[in-house]
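> With chain B's structure known, arrange chain Z on it following the hints.
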Amino acid sequence: MVSMAKFFLEFTVEESCGKCAPCRIGNKRLHELLGQICEGKGKLEDLDRLKNMSLVIKDTSLCGLGQTSPNPVLSMMENFREEYLAHVNDKKCPAGQCKSLMKYIINAENCVGCTACARVCPVNAITGERKEVHLINQEICIKCGACFEKCKFDAIYIS
Amino acid sequence: METVKLTIDNKEIEVPRGTTILKAAKELGIEIPTLCYMDLHDLNIENKPGGCRICVVEVQGRRNLAPTCSTKCEPGMVVKTHTARVLNARRTVMEFILSDHPKDCLICPKSGTCELQDMAHRLGIREIPGQEFAEMSTYRKDTSPSIIRDLDKCIMCRRCETMCNDVQTVGALSAFNRGFQAAVGPAFEQNLEYSSCTYCGQCVAVCPTGALTEVNHVPQVLKALNDPTKTVVVQTAPAVRAALGEEFGMEPGTLVTGKMTAALRALGFDYVFDTDFAADLTIMEEGTELLDRLSRHLKGDKTARIPILTSCCPGWVNFFEYYYSDMKDVPSTAKSPQQMFGAIAKSYFAEKIGINRKDMVVVSIMPCLAKKYECQRDEFSVDGNPDVDFSISTRELATFIKQANIDIRNLHDEEFDSPLGESTGAGVIFGNTGGVIEAACRTAYEIFTGKKLERLEFTELRGMEGVRSATLDFDGTPIKIGIAHGLGNARKLLDDVKNGKSEFTAIEVMACPGGCIGCGGQPLHHGNSDIIKARAAAIYTEDRKKPLRKSHENPFIIKLYEEFLGKPGSEKSHHLLHTHYFDRKDKILVKK
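Protein chains in written order, with my numbering: chain B, 1 to 159; chain Z, 1001 to 1592.
Don't take every hint at face value.
Below 25 Å or equal to it, Euclidean Cα-Cα: the simulated DMTMM-like pairs (lysine to aspartate or glutamate) are [what the hints assert, rightly or not]: (1) K92(B) x E1132(Z); (2) K1498(Z) x E1321(Z); (3) K19(B) x E1046(Z); (4) K19(B) x E1321(Z); (5) K91(B) x E1132(Z); (6) K43(B) x E1135(Z).
Hints were generated in silico from the structure; no laboratory data involved.
Treat the numbers as computed from the prediction; the structure is a model and nothing was measured.
The following block holds chain Z by itself, in its conformation from the complex:
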């Protein structure tokens, strides 16, 4: 490999050709401050528009200062990172940026986790000269079911654009207007609700300021909890337990299942249940659908569409409803675990404890922002009463726990309530990319072959590559599985399906990189993939700790079918647990 030698702050270093000054300096232990720059190494994507100009340094012989994030090392370069000229420029540019940013840090939802705030602190900015007569760029606020855009706080780092266009290929966000009025938003300056946005929340996860935040549903939940006429039921998604601890200073990958359950009970929820139970139920329905389609396909039935696509991820559902609306018959019709849980809680469970569904409030704790939109969909309600009333994110739960003076670190572990809190390891791994299909295979194998599955962990389905494939041997029948996480990767597999080139039997898609553990509502990971990997490992640990690890062995699922649903795929199941898809382009009205 060709290398170049250069000097940074009087230290010599040799780096491969093409390395940026920023990375070379990092190797020397010199942390050059950056603001707009974002490095997602595992996705091979960097956001470096060179827009903030905070990372500038002096390069000998160069007329002006060089932005390190996008300047490559050249042989013999002499770089100085902290001369008076550099420090003054960095400070002045930061003053420029702050002069066009609201100063309401005390009441900003991003306060404490804001990268702009951190940078102002790091650079020691204490006053902004000329603020008294400085005009501020301003733009109307946009509230969608999941995401709030407050462009007054946008600093034009363009990270959201990179996530939306390059990683997710959703194409909802791009820059518009020029100069001081420049801003980022959907085409024709529409609101997010009228764009191709899938509410995956990846833009929120990378936004350095409070320009993109989630809609806060904690006040509504608090109101329900204080209403004596309501029975409040909570469900927690598998990915939440692997990340919630981070908000309380615990190491990434710390499992807080028991503490989280105790905290939810302390918050006053009447029943603390687990979405993992509904995940097991999803496997029963989706697995049955898979086997039904597969056996019909093997018999030569042309109407049986293969591959089958998973439908657990609402961001992904929004994506194919918009971009692949002609393929509505390909995904499984099974609802997502969140909605299955809501449907069962407000029918089977409400009946069991003898209350009307209108007196029950179902709250879900999700890593996901698209779930907020999903639970508001019309088809998931009965007579205007939604199956799931409110969905709050992991971050929202963390603030809720803090507000309620609960010291989660010192709580004793508690168990979920029965029956909707009982789950198997298969339900837990739903939080990881590859997890849904692995869980489905554990059940499908046994039902399809009639044999006991000896090797439970399909390690070939695990990993962090964007698109993965593996062929499983179902007792002589090869089952080809495709897995994609990140909507950009999903698009690659979907295009093959559209063109009839796909060889897969089943494809699992999760909208966010890493799966639910890397969702937009999780504690911010600032592009650090080690945190995602630690969360994934925690989920697999939880799976291994479970005595039962196959969904169809969950005794409460068996009981649910015996007492209430009949069998997987029955008429009642179809009514409660399956859904249909729309062409979302029809739903997007052009707002005049």
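Isolated chain B, as found in the complex:
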């Protein structure tokens, strides 16, 4: 839901004409703050800021675009507050949409050591000998999902 709100904001930032300050700058800042939360850099007090910024943009913008652009943020924060809390408190994305917050992990029980995942990884994040359990280096992983697609043994799961 956070990334969904961010997606909507992307549209309004793009469509803002630039005449009034709250829409021109405010939407941009709203989008940036949602980005921070999606990356797991959000804090609990950011949720209050998000709400305040949204209400002020609605209250002060000159035309209908700015007066409605924060609506997705406000309604999602109201109806899916637990998702926002999961982002800022647990640094987790329950919907599995925020790449920064998810991990591809190899389940040792299912992995047969076929090396298919290691061969398809574009950044060489996966190591392991043939017929042995492989391991994904989270520091290097770019979360492209190629290994996940390739694995025939359901050994890779998203956390």
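Then chain Z, alone, in the frame of chain B:
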């Protein structure tokens, strides 16, 4: 008149229909903060794009907050200007604006006079949340001969656009791009140098931030002053003495002629002269040209173009070179006083004190930013050596004086040096709208009629209306005079001339509202026309104090003609004191 009753902060008020909430609140003594809003009452122009959203208030029954600058009062309205909702919104919007503004206030040329800084202070902003990951909108810096544009500091108040398009009708600035990338600039994102900009500087005068500033020439002047091989001569324009004091906390309209002269001498200028002397010289040349054209016209000579237009104002010259380049023969060919001064200083005066013109540096103190461009024009130099080397504005002079630890308030009055510092009252009034033509009439009357002019003050030529006209009686010959200040007003008169409908004999144009006293290089007046009027009154006071008030009676002008120039309009005068005009559209290259 129909009125409406409303309540603002529990106080009832009745105002004429159509009044904005902002003005109604002001009548009640409630100062709602504004940022983009600008009111130029005398010009009947308001800038209220409703863009900054700082002036918002709560109106009962309204879904969102209302911007007071552009919301009209309605009957029964209940307005609250300082509820928690309003104050929070105002603060948050201000944080938005500041989050996209550089924080280099310490080294910003506008520091101390910046309206954005004042507003941040007034609203008590102490931190900008999220600044560490906030992207800033940025744009390339544009430096022209007179004006620097730093759009990183632009807050999109659009005041410059209002000045450029509505007041001056120059049309050099307008908004481009959308959203976060929106900015203000010339068409096709050209630099100012390649646009129709006249360098009048009115945009600089109204810019609330450091986005538009003048090019600073003080360092070059300082370098010249410290060069022992150079003789540095300074000239001061009439409008400077009526406004410089404001930069030092004096009341608008305080004359500081003597103190300014003392300060310039203390700064180390070798000769402190007065542009008013050159203004007297301008009258001799321009007046002679006027009478010559008029008498030829009266005799039925079709080649004599009437009306004659004044050519003292460089912003105005740039304007007609761009928009009326087919009428290059209408303005007087006389140079502006600044350039006449430079030409005489580097020929007659340099010869007199026995130095080479290359060893002389002429600095002018001007209220004007277009003068910076004017002195850099190719035609005003000899072998690459300009007649006037540097032109600095009133504001620049004020900072220079402050930097040099000179306490101008406690200086004793001093006199200008001789001979190029001697002037008449006619030279002084060049600073006001209507002043040039009044000065010209004082001389032209006496030469044309051969009689002594009894009434020196042509009050019918004075005033602050944008376009004025008066008919003067030159001993039976009616002389119809037109006056315009502000280029938008000039355009009205010029269109008549172009269509052959103009009945005027002579037209005076000054590019800035109010004349030189309201120029772009003067201490900022923030649209307050009372300051302009006070400066105008000061100029007329200076005129009245002068023992001689007609240019042709200036003994040093008479001496200059006897010793050097011959007579007004002579070949030597033409060579030194007259110029020609270009089609500026040719000079504007489209930069690929």
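> Now tell me, hint by hint, if it's right for this structure.
So, going through the hints one by one against the coordinates:
no., hint, verdict
1, K92(B) x E1132(Z), "holds, 23 Å"
2, K1498(Z) x E1321(Z), "holds, 14 Å"
3, K19(B) x E1046(Z), "holds, 17 Å"
4, K19(B) x E1321(Z), "violated, 33 Å"
5, K91(B) x E1132(Z), "holds, 20 Å"
6, K43(B) x E1135(Z), "holds, 19 Å"
Going through the hint list in order, the structure does not satisfy hint 4, though it satisfies all others.
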